[in-house]
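Visitor: Read top to bottom, the protein sequences are chains B and U. The first sequence begins at -12 in our numbering and counts up by one. The second sequence begins at 10 in our numbering and counts up by one.
Since the hints were derived computationally from the structure, they do not count as laboratory data. One or more hints might be untrue.
[Stated by the list, open to error] Pairs of lysine-lysine residues, derived as BS3-like cross-links and limited to a Cα-Cα distance of at most 25 Å, are as follows: (1) U:Lys213 - B:Lys482; (2) U:Lys294 - U:Lys162; (3) B:Lys482 - U:Lys294; (4) U:Lys294 - B:Lys303; (5) U:Lys296 - U:Lys165; (6) B:Lys482 - U:Lys315; (7) U:Lys457 - U:Lys381; (8) U:Lys162 - U:Lys333; (9) B:Lys463 - U:Lys315; (10) U:Lys410 - B:Lys482; (11) U:Lys234 - U:Lys213.
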Amino acid sequence: MNAVGGADDNVTFTGNRALMLEEALIFEIGSTETTGVDFDETAPAADFGALARTAPIGLPGLSESETVRHYTRLSRQNYAIDLGLFPLGSCTMKHNPRLNEKVARMSGFADAHPLQPQETVQGAYAVIHELAEWLITLTGMHSVAMSPKAGAHGELCGILCIKAALEARGEDRRVILVPESAHGTNPATAAFAGFTVEDIPATEAGRVNLEALKARLGPDVAGVMITNPNTCGLFERDMKAISDAVHAVGGYVYCDGANFNAIVGRVRPGDLGVDAMHINLHKTFSTPHGGGGPGSGPVVLSEALAPFAPLPFVTKQGDGFRLIEEESAGEDHPQTFGRMTAFHGQMGMFTRALTYILSHGADGLKQVAEDAVLNANYVLRSLEGVLDAPFAASGPCMHEALFSDKGLAEGFSTLDIAKGLIDEGYHPMTVYFPLVVHGAMLVEPTETESKAALDQFIGALRSIAMRAKNGDPALKSAPHFAPRGRLDETLAARKPVLAWED
Amino acid sequence: MRYLPLTSDDRVAMLATIGASSIDDLFVDVPAEARLDGPIAGLPMHASELAVERHMAALSRQNRAAGDGPFFLGAGAYRHHVPASVDHLIQRGEFLTAYTPYQPEIAQGTLQMLFEFQSQVARLLGTDVANASMYDGSTACWEAIVMARRITKRAKALLSTGLHPHYRSVARTMAKYTGDVLVDGDPSLEAGTDWAALADSIDKETNCVVVQYPDILGRIDDMTKLAEACQSAGALLIAVVTEPVALGLIKSPGEMGADIVVGEGQSLGVGLQFGGPYVGLFACKTKYVRQMPGRLCGETVDANGKRGFVLTLSTREQHIRREKATSNICTNSGLCALAFSIHMTLLGEAGLRQLAAINHSRAKAAAAELAKVPGVSVLNTGFFNEFTLLLPTEARPVIHKLAERGVLGGVSLGRLYPDNAGLANGLVVAVTETVTEADIAAFAAALKEVLA
């Protein structure tokens, strides 16, 4: 360990400060001889000839007690929704009910193999089917593809359905229109599937410019990718008109459903003319995000796109369920675009999402959307006097409130406000996104925050905003009380150190 | 509504602050014809924790869990014992309920873990660097093929016939839309892999050769010569590992010259989970790091000079480059990567080697026992913990008859290659440390009975 003793009273010998603990890397504390696992047998030497591993791998091991301590200490360097408000706009960090975790660990789900004989996993197929039915009903769509592994994977699924549908019509349309307020994954997805991407500007009110969109439509347009509610936190009022216009020229409408949590139970995307929409189960239906995943991105489809959905999928047959794979697809599903992942999707996320859905029911899910929207508007209206809210005049926001850096003192930025929030014990909001607003701050409180929690957060943000307006120099060097001060991201990118070296 | 903290009074007070008369005022931008007033018809109302748990437990009981009896399935997903402390640690709220580490000052736990994970994966696979994980092995495999195209600017990928057929399907799906040319096919029931033929097929259009190790039939072979052939032709060698525990005993693909190594990390820490979520491993040589998809964690220092970690090289990513991004991926399998990393830390090098040795010796014992069943032979000359049995009859119905007798006896090649009658008698059997001698005896007895 570092010995950092010295004359400064703020410095300790260990580097630890009370409950704020420094933790070395496993490569510094472990050894290749140590193990935290006992086996009840030893195996005879294997003979792999020239294939036998000879050189050391260099994998450090720790005893179980050291392992528990290492990861527990690391965990304490993290902010999490279990600790407090996590207002990341467009990411949706809401309470993760523990019943979901308990259910996902039931052995019939957690300890089943994806290729088990179908008669031995009927309960797992039933979960997939039951969740699928809910998603279809809640969205007012025709069918759903369950296998995509995450939101962006779902986008790819939807875009491939569109491409397959166009091929089936014998048309080679090359252009996907993407409004500039869309998630960054949208253009990347369209390009990945071989389309040319063209931007559609936003209006000053923060919505898709319908006239600009209509002017660009033509026989070369395969479709449009729209995020609704959009990344400015606004509902696209013209969604139906957009869908009608795109359909009129033979194109398809992809809706990025990352923000479905704002309208679940209140609006069915199918009623707005959407052809495909992914649903981030982890956002809308609360599966924990674990420091960056896993996600899960089922895609609901219109009748026009349903025949092209990927394999494999579960279908009801008599009293039971059947898995449609490559073999049976020929007769039942001849137009499928194929398989996009090895097995049938994120089962562990399905059980969690279904548990969450059953807990809320149709009435509770509607309340979820309403409370999420209420909380976001409460934040917006409580702060618009202190922080610039560029679209506050455009009408109510949906589940997230957007602010800009306009009006801060010279030299102060959105980043300073974000880092100041850390010192107040909060995870910052989403910053510098969406790109349509300068110095964007996107706050999404979600429905699982109480009024008292919101009032405290609003007070903290108000205080920091005033400091940024008044040019408080201490804010420039925040955070002061986090496990780390501002990190040098330029150094990390310029001289990448991506793995431990002895 | 146990998860919703607002009271009716709160809602009234908040609406007053907002200046709205009712909640409907906040949905005013939704066209009237698309607005729903009551709860959506046809769906049940909210339910208590007890009621929901009962419902889900009943569904769970309709499955046969792997632990319920003798179990021998593999083919890309393996059952290993996961130490109790792994699940305990990943359920700590600060790991479980954290988001992507966008604010590094308060996400050092996740970031340091990812740095350790990247380092463990790179060493295990024998490469310089690894990313912070992908969705799963099959999508990582496709991303590697796309990456090879970006690097070489050539269109053709040669897929070994020993590649998992689902991984091949994923590549085929994507290639239809991106214009890549794939050369692939079904395996033949030969004891050895035909990598020499693959090497001969490399030409000036070839961007990569994709091989699996151990392959779908459980075969293992030295890929050094293939790596040399790729290198001299300007193509990349991509190796796919679906059972990383094997690398505790056998040489890593990186050591044998592979340029990109991808894999399925489910074996360590994650569990079967009926197919997902899993954790894709993705590693490569340093010179290709800026073409690598996915998240990367890097070491740096903070304002006080202390070591810290951040997400880095993000200029490759979709939120910066939009349609020019190296991939559309915007998440990883963070929690599964954590489980993998903890399990690997518990094992350490000594434990991993021991675990691998037990797997291998148990599999050898099972292969010897099963080969004694009349009419049954073992295809492989070499294998790690998985091998292919050749039965005197089609394996698919045999699987169901074994299940009736309480034995989940492997994955039939008929299910994996339904259009290839020549493979129908093959049965892929995986044996890990979770299989007991009694399990093997029960399998052999049931197989004998079914084949009689």
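Visitor: Next pair to validate is Lys234 (chain U) with Lys213 (chain U); report whether the Cα-Cα distance is within 25 Å.
Guide: holds (18 Å)
Visitor: CA of Lys213 (chain U) to CA of Lys482 (chain B), is that 25 Å or under?
Guide: violated (34 Å)
Visitor: Hey, Lys296 (chain U) versus Lys165 (chain U), does the alpha-carbon distance stay inside 25 Å?
Guide: holds (21 Å)
Visitor: Does Lys482 (chain B) pair with Lys315 (chain U) here, judged by a C-alpha cut-off of 25 Å?
Guide: Answer holds: Lys482 (chain B) to Lys315 (chain U) is near 17 Å, not above 25 Å.
Visitor: Going straight from one Cα to the other, do Lys162 (chain U) and Lys333 (chain U) come out at no more than 25 Å?
Guide: holds (15 Å)
Visitor: Does Lys303 (chain B) sit within 25 Å of Lys294 (chain U), going by the straight-line distance between their CA atoms?
Guide: Violated, because 47 Å separates the two Cα atoms, which is more than 25 Å.
Visitor: Could you grab the alpha-carbon distance between Lys457 (chain U) and Lys381 (chain U) and see if it respects the 25 Å cut-off?
Guide: Holds. Lys457 (chain U) to Lys381 (chain U) sits at ~9 Å (cutoff 25 Å).
Visitor: Decide if the proposed pair is consistent with the structure: Lys410 (chain U) and Lys482 (chain B), CA atoms, cutoff 25 Å inclusive.
Guide: violated (59 Å)
Visitor: Measure nothing beyond the straight line between the CA atoms of Lys482 (chain B) and Lys294 (chain U); if it is 25 Å or shorter, mark the hint as holding.
Guide: holds (16 Å)
Visitor: Starting from Lys463 (chain B), check that the Cα of Lys315 (chain U) is at most 25 Å away, please.
Guide: Holds, at about 19 Å.
Visitor: Does Lys294 (chain U) pair with Lys162 (chain U) here, judged by a C-alpha cut-off of 25 Å?
Guide: holds (18 Å)
Of the numbered hints given earlier, the model fails hints 1, 4, 10; all others are met.
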